[in-house]
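2 protein chains.
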Amino acid sequence: MDPIIPVVLCGGNGTRLWPRSRKAKPKPFLPLVGNTTLFEATVLRCSPDAGFGPPVVVTGALHLEHVEAQLPDPAASRVIVEPEGKNTAAAIALAALQLHADSVMLVCPSDHHIGDVAAFQAAAHEAAKLAAKGWLVSFGIAATAPETGFGYLKRGAPIPESGGFSVAQFVEKPDFQRAIGFLADGGYAWNGGIFAFRAGTFLDELAAHRPALAAAVRDAALQGCSEGMRFHPNAEAFARIEGESVDYAVMENTAHAAMVPAAMAWSDIGNWQALHEALDRDPDGNAARGPAELVDCANVLVDSDGPHVSVIGVRDLIVVVDKGDVLVCTAGSVQKVGKLAGAVNQ
Amino acid sequence: MDPIIPVVLCGGNGTRLWPRSRKAKPKPFLPLVGNTTLFEATVLRCSPDAGFGPPVVVTGALHLEHVEAQLPDPAASRVIVEPEGKNTAAAIALAALQLHADSVMLVCPSDHHIGDVAAFQAAAHEAAKLAAKGWLVSFGIAATAPETGFGYLKRGAPIPESGGFSVAQFVEKPDFQRAIGFLADGGYAWNGGIFAFRAGTFLDELAAHRPALAAAVRDAALQGCSEGMRFHPNAEAFARIEGESVDYAVMENTAHAAMVPAAMAWSDIGNWQALHEALDRDPDGNAARGPAELVDCANVLVDSDGPHVSVIGVRDLIVVVDKGDVLVCTAGSVQKVGKLAGAVNQ
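Residue numbers (this note's numbering), protein chains in the order written: chain F, -13 to 332; chain X, -13 to 332.
Worth flagging that the hints you see were computed from the coordinates, not collected in a lab.
Glycine included, C-beta positions come from ideal geometry on N, C-alpha and C.
Warning: the hint list may mix true and false statements.
[Unchecked claim] When the alpha-carbon atoms are kept at most 27 Å apart in a straight line, the in silico DSSO-like pairs for lysine-lysine are as follows:
id, chain 1, residue 1, chain 2, residue 2
1, F, LYS309, F, LYS9
2, F, LYS159, F, LYS140
3, F, LYS309, F, LYS322
4, X, LYS309, F, LYS309
5, F, LYS309, F, LYS159
6, F, LYS11, X, LYS309
7, X, LYS309, X, LYS119
8, X, LYS322, X, LYS159
9, X, LYS11, F, LYS309
[To be verified] If you want a taste of the chain X side facing chain F, the calculated C-beta under 8 Å gives, among others:
id, residue
10, LEU85
11, ASP88
12, ALA284
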């Protein structure tokens, strides 16, 4: 089988990880778990020896320098520079237009953490086999908590001679009670935004369900220009694209939606508490990056870029120091970080 | 009546207010409540128009620069520079030796906050009247909580034609149950370390109860030298002094101990929670110095010397940022601040 082409999407601001994640250098480009950035880890787990081809990265001009500085092999990596953010359907279509119609592409967000790389690679190959047969495949990430921040996939019938299933239903973010029901049912998985399909299949489905969007992306690509390994879509044509997510534009409409289950210690690192849970912690549940002294603490995360942080007598708290900003936040309040004045007005 | 001579003692490190209070610039010399430092406020509330004479300050060489920078009238203020700390009995004796035997001295720690200055001044004059008659007078500070960190004074019989009482007993720091009993009894007051006596009376009592200590201080003073308004006791003689508190050396032994009640919104600002309680707070009990954003917080104190501090969803917490150190501490853990590595190893 031909190598799988990783299509790495670098969008989003990660404001809920302020003050570490900043507009100028957001979440994907930070070493949040270990010493590797989330973007680097995304590219590295799609390695040639695991059956992947060179990546195609889709990013914006603001973050191009970070992408090129962090790519392990820039000379072999195609980088598509979007003039502005137009959501995932357009980004994936731009990448698909750079590829042979028979290439199998694996769409990977660049701001997630995956603890079990072998499980990821196994699921990727399972998904690629189905993609080669014409399926549009979502990773169905094993749900481990009643999360209300994710969409869910309802598992349908098994697809013969594969580890995959048809998708019975795409479910939008549920409320807490429904999420508990999904977890109890066992037939629901998180939709983590990782997809596999033939490039040609994707473009055909996009043209069928969103003809205007497909045509606008094609115009922007045809009138675009290359500069070394960079590709710049035409900005004027690009501006006419209606931004829509790949879920709404394609996955929820296609008759060929499949899913492969993936239990791979996945986290979207969507907030400070999620990051805390993805880190190695001591027996009291504490984790510290940077100089810190914790006394009588439990489930405390300290993340400092320099200043010494002392914490006494606290439970379930996040303390972050970054470039002259200090954040102190309970585990239960992390969703509000993105609405702080500092995060909004950066 | 002659002016009362304020004797202002500048000792102690205030490590429980680390990281704001540092060895090189401790608690008395910081504007912890409002824009005036505790030392400045101590001197200012003993003002000439309230019947006080020029102050005598006792300090160490390390803090001399802060004393002289913060004295409102350095040219009129005597400063005794101790070669080393020898506790309060020696410090007070040194000051007494600088004064006329009939002068009434009011011993004032420089690291307390007094919210009601008029009440302080009234109590000072009441104490001075008793002191002039030969009493050794302690301020009996109205106890408002079952504090275990202070000594207590048990009120004895009223002293005729005065607002004072004899002292039935000096009580060392009690445990919590005893402290609750004292509060319920109503006959006990905090010993806040504010004293009034004639200089001659004090020296006589010290000589009676601690003859070696009295002689050693006298030697150090006799062999000392003046330098402008500074007085330097002889270091060699001073080193032979046995350090002891005025309570142990004199107050608990004299037959002439008196007290005047003082309800004057007093706080020793002994830790971050005590400071928080002395500050103006918003209706949710929050107080902030420096740039801060508090969301869903109650009883939170933020004290930052520059960095912007954002706090979400927290109750009963202290957050301090000072010169590259960050402290996060629950209200119930403030006694442990002084034992942090940063506070100990400064």
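Status of each hint after checking the structure:
no., hint, verdict
1, F:LYS309 x F:LYS9, "holds, 14 Å"
2, F:LYS159 x F:LYS140, "holds, 13 Å"
3, F:LYS309 x F:LYS322, "holds, 20 Å"
4, X:LYS309 x F:LYS309, "holds, 13 Å"
5, F:LYS309 x F:LYS159, "violated, 34 Å"
6, F:LYS11 x X:LYS309, "holds, 26 Å"
7, X:LYS309 x X:LYS119, "violated, 50 Å"
8, X:LYS322 x X:LYS159, "holds, 18 Å"
9, X:LYS11 x F:LYS309, "holds, 26 Å"
10, LEU85, "violated, 44 Å"
11, ASP88, "violated, 50 Å"
12, ALA284, "violated, 12 Å"
Hints 5, 7, 10, 11, 12, counting from the list given before, are not met by this structure.
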